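Asks: Each chain, letter by letter, is given below.
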Amino acid sequence: DTGVSQDPRHKITKRGQNVTFRCDPISEHNRLYWYRQTLGQGPEFLTYFQNEAQLEKSRLLSDRFSAERPKGSFSTLEIQRTEQGDSAMYLCASSFSWGAKETQYFGPGTRLLVL
Amino acid sequence: GQNIDQPTEMTATEGAIVQINCTYQTSGFNGLFWYQQHAGEAPTFLSYNVLDGLEEKGRFSSFLSRSKGYSYLLLKELQMKDSASYLCAVRDNSGGYNKLIFGAGTRLAVHP
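Residue numbers (our numbering), protein chains in the order written: chain A, 1 to 115; chain B, 116 to 227.
Take every hint as true, because none was put in to throw you off.
When the alpha-carbon atoms are kept at most 27 angstroms apart in a straight line, the in silico DSS-like pairs for lysine-lysine are as follows:
#	chain 1	residue 1	chain 2	residue 2
1	B	K191	A	K101
2	A	K57	A	K14
3	A	K57	A	K71
4	A	K101	B	K183
5	A	K101	A	K71
6	B	K191	B	K172
7	B	K196	B	K172
8	A	K57	A	K101
9	B	K172	A	K101
A short, non-exhaustive set of chain A residues, derived as facing chain B with CB atoms under 8 angstroms:
#	residue
10	P43
11	Y48
12	Y105
13	F106
14	G109
Hints in this document: simulated from the structure, not taken from any laboratory.
Keep in mind it's a predicted model, so treat the numbers as computed, not measured.
No residue lacks a Cβ here, since even glycine has one placed at the ideal position from N, Cα and C.
Take the sequences, apply the hints, and build the full model.
Replies: Put into structure tokens, the structure is as follows:
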């Protein structure tokens with residue numbers, strides 16, 4: 001399977017705990033995006049990496065959120081001191097910078113439930 | 116500001132044709148995408164328009180009018196498996212990179 005993979009697929013945690021999600025992009029893709037999706041809404045952009053550099057962070061990403069992409073390969077998204085409002089599907093997407101032809105391909109997502 | 120509107124829900128009959136409309140306002144338009152999303156699953160890429168006109172891919176076609184800020188996704192010969200949410204997304208490059216701005220999605224229910 002050469003698609004985008006995410007781990008874990010589901011995570012249940014108690015409020016105040018830290019959680020970390022992993023995304024493995026399609027191997028030749030140099031761009032990686034994180035999105036958050038709540039029920040009945042479309043995905044909302046969180047942050048973006050070109051290779052290992054994090055080039056943009058949404059205002060949605062409070063200081064409790066941090067993302068890394070060491071060596072420009074896989075990426076991790078960490079949420080510290082989780083809150084019930086963090087419950088959502090966290091989606092990772094990757095793409096190759098083909099200019100106008102760039103298409104983002106999504107992973108299966110990590111569904112987070114904060115109790 | 117950035118705004119994308121699409122109908123919340125639509126219903127259609129198996130074998131029929133359905134058109135899902137999307138209107139948008141964005142500052143750095145660089146293409147419009149349609150994704151299909153089944154419940155609990157990730158969005159999957161359907162089609163992409165950067166120039167005005169119709170793009171056809173099998174049973175799916177997508178149309179774009181940049182001057183009107185308008186797109187539609189046309190699904191022909193509907194099948195039960197087409198029951199899903201359809202997400203309209205504008206690619207915005209105003210920040211110097213390609214960010215997708217999604218609409219809330221249109222939930223399509225296909226009935227026998």
